[in-house]
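Note that the protein sequences, when read in sequence, are chains A and B.
Residue numbering for the first sequence is 1 to 489, as defined by our numbering.
Residue numbering for the second sequence is 1 to 489, as defined by our numbering.
Source of the hints: derived by calculation from the structure; they are not laboratory data.
Even glycine gets a Cβ: it sits at the ideal position worked out from N, Cα and C.
Heads up, some of the hints might be wrong.
[Said to hold, decoys possible] Just the calculated beta-carbon pair ranges, DEER-fashion: (1) Glu336/B with Gly469/A: 52 to 62 Å; (2) His335/A with Lys54/B: 15 to 25 Å; (3) Lys318/A with Arg339/B: 51 to 61 Å; (4) Trp148/B with Lys288/A: 24 to 34 Å; (5) Lys318/A with Glu83/B: 54 to 64 Å; (6) Asp398/A with Lys54/B: 55 to 65 Å.
[To be verified] Lysine to aspartate or glutamate pairs mimicking EDC-like chemistry, simulated, CA-CA at most 20 Å apart: (7) Lys409/A with Glu191/A; (8) Lys102/B with Glu115/A; (9) Lys98/A with Glu115/B; (10) Lys54/A with Glu50/B; (11) Lys87/A with Glu115/B; (12) Lys215/B with Glu445/B; (13) Lys54/B with Glu50/A; (14) Lys87/B with Asp108/A; (15) Lys112/B with Glu116/A; (16) Lys102/A with Glu115/B; (17) Lys49/B with Asp46/A; (18) Lys98/A with Glu155/B; (19) Lys77/B with Asp100/A; (20) Lys195/A with Asp53/A; (21) Lys318/B with Glu336/B; (22) Lys232/B with Glu410/B; (23) Lys133/B with Asp24/A; (24) Lys103/A with Glu80/B; (25) Lys87/B with Glu115/A; (26) Lys364/B with Asp388/B; (27) Lys103/A with Glu114/B; (28) Lys451/B with Asp427/B; (29) Lys258/B with Glu184/A; (30) Lys49/A with Glu50/B; (31) Lys430/B with Asp231/B; (32) Lys385/A with Glu395/A; (33) Lys364/A with Asp388/A; (34) Lys57/B with Glu50/A; (35) Lys487/A with Asp100/A; (36) Lys308/B with Glu360/B; (37) Lys54/B with Asp46/A.
Listed here are the chains, written in short residue letters.
2 protein chains.
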Amino acid sequence: MSKGVTPQSENYNTWYTDVVTKADLADYGPVKGTMVVKPYGFAMWDLIKETFDKMIKDTGHLNAYFPLFIPKSFLAKEAEHVEGFAKECAVVTHTRLKSDSKKGIIVDPDSKLEEEVIVRPTSETLIWSMYKKWIQSYRDLPLLINQWANVVRWEMRTRLFLRTTEFLWQEGHTAHATAKEAQEETLLILELYRKLSEDYLAMPVLTGFKSESEKFAGADKTYCIEALMGDKRALQAGTSHNLGQNFARAFDVTFQTKENKEELVYATSWGISTRLVGGVIMTHGDDKGLRLPPKIAPFQVVVVPIFKNEESQEVLIKYLGPILSELKNNGVRVHEDWRKESPGFKFNEWEMKGVPVRLEVGPKDVEKHQAVIARRDSGEKEFVKKDDIVNLIPELLDSIQNNLFEQAKEFRKNNTHTVSTYTEFKDVIKNKGGFIRCGWDGSSETEATIKNETKATIRVIPFDENIKGLNCIFSGKPAKHEVIFAKAY
Amino acid sequence: MSKGVTPQSENYNTWYTDVVTKADLADYGPVKGTMVVKPYGFAMWDLIKETFDKMIKDTGHLNAYFPLFIPKSFLAKEAEHVEGFAKECAVVTHTRLKSDSKKGIIVDPDSKLEEEVIVRPTSETLIWSMYKKWIQSYRDLPLLINQWANVVRWEMRTRLFLRTTEFLWQEGHTAHATAKEAQEETLLILELYRKLSEDYLAMPVLTGFKSESEKFAGADKTYCIEALMGDKRALQAGTSHNLGQNFARAFDVTFQTKENKEELVYATSWGISTRLVGGVIMTHGDDKGLRLPPKIAPFQVVVVPIFKNEESQEVLIKYLGPILSELKNNGVRVHEDWRKESPGFKFNEWEMKGVPVRLEVGPKDVEKHQAVIARRDSGEKEFVKKDDIVNLIPELLDSIQNNLFEQAKEFRKNNTHTVSTYTEFKDVIKNKGGFIRCGWDGSSETEATIKNETKATIRVIPFDENIKGLNCIFSGKPAKHEVIFAKAY
Numbered sequence: 001m002s003k004g005v006t007p008q009s010e011n012y013n014t015w016y017t018d019v020v021t022k023a024d025l026a027d028y029g030p031v032k033g034t035m036v037v038k039p040y041g042f043a044m045w046d047l048i049k050e051t052f053d054k055m056i057k058d059t060g061h062l063n064a065y066f067p068l069f070i071p072k073s074f075l076a077k078e079a080e081h082v083e084g085f086a087k088e089c090a091v092v093t094h095t096r097l098k099s100d101s102k103k104g105i106i107v108d109p110d111s112k113l114e115e116e117v118i119v120r121p122t123s124e125t126l127i128w129s130m131y132k133k134w135i136q137s138y139r140d141l142p143l144l145i146n147q148w149a150n151v152v153r154w155e156m157r158t159r160l161f162l163r164t165t166e167f168l169w170q171e172g173h174t175a176h177a178t179a180k181e182a183q184e185e186t187l188l189i190l191e192l193y194r195k196l197s198e199d200y201l202a203m204p205v206l207t208g209f210k211s212e213s214e215k216f217a218g219a220d221k222t223y224c225i226e227a228l229m230g231d232k233r234a235l236q237a238g239t240s241h242n243l244g245q246n247f248a249r250a251f252d253v254t255f256q257t258k259e260n261k262e263e264l265v266y267a268t269s270w271g272i273s274t275r276l277v278g279g280v281i282m283t284h285g286d287d288k289g290l291r292l293p294p295k296i297a298p299f300q301v302v303v304v305p306i307f308k309n310e311e312s313q314e315v316l317i318k319y320l321g322p323i324l325s326e327l328k329n330n331g332v333r334v335h336e337d338w339r340k341e342s343p344g345f346k347f348n349e350w351e352m353k354g355v356p357v358r359l360e361v362g363p364k365d366v367e368k369h370q371a372v373i374a375r376r377d378s379g380e381k382e383f384v385k386k387d388d389i390v391n392l393i394p395e396l397l398d399s400i401q402n403n404l405f406e407q408a409k410e411f412r413k414n415n416t417h418t419v420s421t422y423t424e425f426k427d428v429i430k431n432k433g434g435f436i437r438c439g440w441d442g443s444s445e446t447e448a449t450i451k452n453e454t455k456a457t458i459r460v461i462p463f464d465e466n467i468k469g470l471n472c473i474f475s476g477k478p479a480k481h482e483v484i485f486a487k488a489y
Numbered sequence: 001m002s003k004g005v006t007p008q009s010e011n012y013n014t015w016y017t018d019v020v021t022k023a024d025l026a027d028y029g030p031v032k033g034t035m036v037v038k039p040y041g042f043a044m045w046d047l048i049k050e051t052f053d054k055m056i057k058d059t060g061h062l063n064a065y066f067p068l069f070i071p072k073s074f075l076a077k078e079a080e081h082v083e084g085f086a087k088e089c090a091v092v093t094h095t096r097l098k099s100d101s102k103k104g105i106i107v108d109p110d111s112k113l114e115e116e117v118i119v120r121p122t123s124e125t126l127i128w129s130m131y132k133k134w135i136q137s138y139r140d141l142p143l144l145i146n147q148w149a150n151v152v153r154w155e156m157r158t159r160l161f162l163r164t165t166e167f168l169w170q171e172g173h174t175a176h177a178t179a180k181e182a183q184e185e186t187l188l189i190l191e192l193y194r195k196l197s198e199d200y201l202a203m204p205v206l207t208g209f210k211s212e213s214e215k216f217a218g219a220d221k222t223y224c225i226e227a228l229m230g231d232k233r234a235l236q237a238g239t240s241h242n243l244g245q246n247f248a249r250a251f252d253v254t255f256q257t258k259e260n261k262e263e264l265v266y267a268t269s270w271g272i273s274t275r276l277v278g279g280v281i282m283t284h285g286d287d288k289g290l291r292l293p294p295k296i297a298p299f300q301v302v303v304v305p306i307f308k309n310e311e312s313q314e315v316l317i318k319y320l321g322p323i324l325s326e327l328k329n330n331g332v333r334v335h336e337d338w339r340k341e342s343p344g345f346k347f348n349e350w351e352m353k354g355v356p357v358r359l360e361v362g363p364k365d366v367e368k369h370q371a372v373i374a375r376r377d378s379g380e381k382e383f384v385k386k387d388d389i390v391n392l393i394p395e396l397l398d399s400i401q402n403n404l405f406e407q408a409k410e411f412r413k414n415n416t417h418t419v420s421t422y423t424e425f426k427d428v429i430k431n432k433g434g435f436i437r438c439g440w441d442g443s444s445e446t447e448a449t450i451k452n453e454t455k456a457t458i459r460v461i462p463f464d465e466n467i468k469g470l471n472c473i474f475s476g477k478p479a480k481h482e483v484i485f486a487k488a489y
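Assemble the whole structure, with the sequences as input and the hints as a guide.
The following block contains the structure:
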């Protein structure tokens with residue numbers, strides 16, 4: 001546990017896996033591509049979930065729960081949708097096991113289902129089959145529903161948190177009377193995603209929309225937040241889709257308007273997942289392990305008392321007692337590490353786990369009415385007067401939260417390139433990485449060729465694009481959009 | 001929506017389904033036996049979840065998440081366990097769909113899995129396969145882990161909340177160094193279940209343990225909380241299992257003791273599910289619909305302002321504003337119903353939805369500095385002075401919580417029978433229902449015969465059993481246990 005991680009510079013992928021496992025965030029499940037989220041990793045996800053759940057409730061959304069199982073035929077009702085998900089569907093075909101004298105436990109062939117059932121890869125089809133029952137009139141709209149759930153996409157190449165066969169997420173599914181309302185909802189959620197990423201995960205994101213080839217299967221338009229990881233690859237961190245009337249059409253969901261007309265309902269859907277935990281690791285982590293933004297750190301402060309025997313331990317308990325109670329009462333998440341391991345062992349462990357602040361106290365500190373405070377973000381250590389600790393720590397947590405965000409923004413700035421030729425483009429993608437901001441002629445052929453030749457894709461067409469005087473980096477034609485290219489997870 | 005429910009006395013099953021659907025708690029999913037938990041029902045489950053989550057965190061348990069998919073071979077490792085679950089397993093056999101020119105979308109035969117995968121019916125096997133990796137020494141124990149998850153048991157006869165193919169639950173899985181600790185954990189959790197049921201759901205429960213034939217497949221001993229529903233049938237509302245070393249043996253999980261010996265780990269597991277929502281409905285509901293205990297009511301107070309035009313609405317908004325703000329600031333869950341439907345329509349709707357307190361205010365009440373408060377539990381209405389409302393409501397909520405619990409206890413008391421002959425036993429089961437408390441000789445033959453002849457089963461062997469001078473109700477032999485018989489859900 002106390003052994004270090006592979007340095008990022010040596011092998012970023014190995015560094016990542018080392019951090020995930022050594023910081024006790026997750027483990028591999030027995031079925032290929034599945035993940036066990038261990039308590040420390042789950043506590044991070046729980047804080048992200050709690051934060052976002054409040055945001056969507058404050059904007060009028062309600063939680064519900066829809067079934068895991070979708071009839072196979074439903075998926076086929078929206079042509080693009082089935083195209084997008086058919087190749088990664090877990091299919092349930094039987095419902096019983098039985099003993100076989102030769103082979104042991106086998107699937108009972110007599111339990112074959114008449115219609116196979118799909119384990120949800122996403123729930124648009126199932127939910128719109130229900131909305132058909134629930135929506136009759138404009139009075140039933142808008143319907144603003146979210147669910148926190150597990151979904152399954154049978155992936156070939158998996159990586160803990162970033163791409164797993166099963167993952168946890170929230171999926172919002174809203175129904176509206178007008179195209180305008182649906183568009184407003186799509187953008188409202190995108191803004192909440194930006195806020196969650198930047199203000200809580202300290203992960204700067206670009207906001208904008210996807211090209212046709214990168215949009216969600218079944219959407220009219222997909223908006224996204226896009227982040228830059230420590231290895232200069234992009235991470236799609238959340239998507240918000242304006243589904244237009246596509247799913248209403250597929251499931252025949254109409255409503256009576258105020259003017260007594262029958263119209264198809266407008267839809268949105270949007271999701272963020274446990275992938276965000278991977279984003280936090282790769283945005284802030286260093287060669288000592290995790291560095292957690294205080295707002296989503298399971299422990300914001302770890303206390304490491306330094307004692308040699310029960311007597312000196314008693315002294316520390318008395319000394320620390322009132323300070324820690326006050327901190328906890330103020331809502332600071334404090335963890336006390338009274339184990340018998342050496343201070344050095346504990347320091348390494350909590351650095352690996354990314355706890356923002358470490359409070360060290362030994363017998364001499366008691367005599368001097370002080371403590372040592374160490375910041376995980378900068379590694380700085382300083383002596384602090386006993387009476388100042390309670391007031392200082394919340395300030396310090398704010399400062400760490402801001403510093404991590406500023407560092408990440410600086411990193412992104414230093415790794416966002418503008419290029420003027422395709423040769424330069426290829427050179428940057430191959431040798432530097434990061435975001436490239438450039439012109440694109442809007443053709444999917446151009447996009448596909450660039451992807452084939454460089455593995456870079458259009459991550460986002462940013463809201464602040466400016467095509468004045470801009471030409472396509474590939475074709476030289478006048479740019480239709482200014483876009484962000486990068487290699488992505 | 002405003003239409004009433006079938007009276008309980010006419011058909012209890014129809015009454016139940018009416019309440020679930022008309023109070024907007026749940027709906028049927030498209031795959032047979034699956035359930036959609038609608039926002040109002042989900043809010044109840046969320047409050048139950050929040051309450052219990054705090055209880056287990058306060059007792060040192062941590063949340064984690066384990067995969068949905070279990071290799072088929074795992075289930076077979078514990079003989080009783082596979083026996084118990086083999087007949088209701090959803091089996092994933094393929095991972096892709098494809099287009100077929102004749103049949104449309106079909107399961108791609110080339111995507112057949114080498115080893116089929118089971119959708120978890122419960123997670124003992126998967127979790128103990130992980131514990132094998134995580135537990136080496138006594139220092140790794142105890143391991144106190146819980147997960148909130150969905151599980152699947154392919155049921156033939158389903159009923160919303162009570163028995164569905166997929167349901168939501170929590171499953172705790174703990175690992176211990178000694179049999180004594182495992183037993184203490186099993187009983188600690190049982191006590192938390194009792195507390196949750198009685199102090200929050202206002203649902204009185206009997207506590208004790210199960211007979212061999214009713215215990216969990218793979219447990220040494222199963223403890224349970226058992227409630228009595230409004231139709232005088234029993235509901236198993238939560239179970240806590242001492243698994244002994246059964247799963248450690250099946251998955252070869254040993255640890256190094258302090259004395260440097262190798263020993264098998266001791267285990268417990270325990271669960272409560274969305275079934276509890278069904279328990280609340282059937283414990284408290286009446287012919288007007290739900291009656292919710294305030295502690296788990298999504299809305300504790302519903303405000304129904306009575307106004308004829310915008311002007312009178314304005315007056316009410318001003319009058320109510322400060323009162324409602326103060327209530328909300330005090331943590332009372334208040335819902336304001338400003339829709340244009342008639343007061344009568346709204347009264348019916350909120351009675352159906354079981355909101356504990358209704359606050360009615362019309363123009364005359366404003367003049368008289370008063371309001372009308374109606375209790376859902378008793379139907380009582382009274383005028384209350386404006387200045388008293390804020391203080392009165394929390395008291396009223398307490399009183400309703402207590403009253404519902406007392407009523408349910410009274411009901412159980414009136415429907416718990418002692419009998420002295422088997423003829424009398426059969427008569428009570430057939431014509432009266434409820435709990436029968438009597439002697440049992442401890443033989444599984446007796447138990448099976450009684451079940452065959454009467455459909456009554458041993459629900460629980462209560463902790464407070466007293467066999468002094470007691471004989472078996474069936475065989476007349478000296479009783480080994482005093483037990484509770486009933487027909488059950």
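Hint-by-hint comparison with the structure:
1. Glu336/B with Gly469/A: 52 to 62 Å: For Gly469/A against Glu336/B, whose Cβ atoms are near 55 Å apart, the range 52 to 62 Å holds.
2. His335/A with Lys54/B: 15 to 25 Å: holds, 18 Å
3. Lys318/A with Arg339/B: 51 to 61 Å: Holds - the Cβ-Cβ distance for Lys318/A and Arg339/B, about 60 Å, lies within 51 to 61 Å.
4. Trp148/B with Lys288/A: 24 to 34 Å: At roughly 32 Å between Cβ atoms, Lys288/A and Trp148/B fall inside 24 to 34 Å, so the hint holds.
5. Lys318/A with Glu83/B: 54 to 64 Å: holds, 57 Å
6. Asp398/A with Lys54/B: 55 to 65 Å: Given a distance of about 27 Å, which is not inside 55 to 65 Å, the answer is violated.
7. Lys409/A with Glu191/A: Holds - the C-alpha atoms of Glu191/A and Lys409/A are around 18 Å apart, at most 20 Å.
8. Lys102/B with Glu115/A: Status holds; Cα separation ~16 Å.
9. Lys98/A with Glu115/B: holds, 15 Å
10. Lys54/A with Glu50/B: holds, 14 Å
11. Lys87/A with Glu115/B: The hint holds at about 19 Å.
12. Lys215/B with Glu445/B: Cα-Cα ~16 Å, so holds.
13. Lys54/B with Glu50/A: Roughly 14 Å separates the two Cα atoms, so the pair holds.
14. Lys87/B with Asp108/A: holds, 9 Å
15. Lys112/B with Glu116/A: This hinted pair holds, its Cα atoms lying about 14 Å apart.
16. Lys102/A with Glu115/B: Roughly 16 Å separates the two Cα atoms, so the pair holds.
17. Lys49/B with Asp46/A: holds, 14 Å
18. Lys98/A with Glu155/B: holds, 16 Å
19. Lys77/B with Asp100/A: Measuring from Cα to Cα gives roughly 15 Å; hence the hint holds.
20. Lys195/A with Asp53/A: holds, 13 Å
21. Lys318/B with Glu336/B: Holds. Lys318/B to Glu336/B sits at ~14 Å (cutoff 20 Å).
22. Lys232/B with Glu410/B: holds, 13 Å
23. Lys133/B with Asp24/A: holds, 13 Å
24. Lys103/A with Glu80/B: OK: Lys103/A and Glu80/B at ~18 Å, within 20 Å.
25. Lys87/B with Glu115/A: holds, 19 Å
26. Lys364/B with Asp388/B: holds, 17 Å
27. Lys103/A with Glu114/B: With a Cα-Cα distance of about 14 Å, the restraint between Lys103/A and Glu114/B holds, given a limit of 20 Å.
28. Lys451/B with Asp427/B: holds, 14 Å
29. Lys258/B with Glu184/A: violated, 62 Å
30. Lys49/A with Glu50/B: Distance of about 14 Å is within 20 Å: holds.
31. Lys430/B with Asp231/B: Holds, at about 13 Å.
32. Lys385/A with Glu395/A: holds, 15 Å
33. Lys364/A with Asp388/A: holds, 17 Å
34. Lys57/B with Glu50/A: With Cα atoms ~16 Å apart, Lys57/B and Glu50/A stay inside 20 Å; holds.
35. Lys487/A with Asp100/A: Violated. Lys487/A to Asp100/A sits at ~50 Å, over the 20 Å cutoff.
36. Lys308/B with Glu360/B: Cα-Cα ~14 Å, so holds.
37. Lys54/B with Asp46/A: holds, 13 Å
Checked against the numbered hints given earlier, this structure breaks hints 6, 29, 35; the rest are met.
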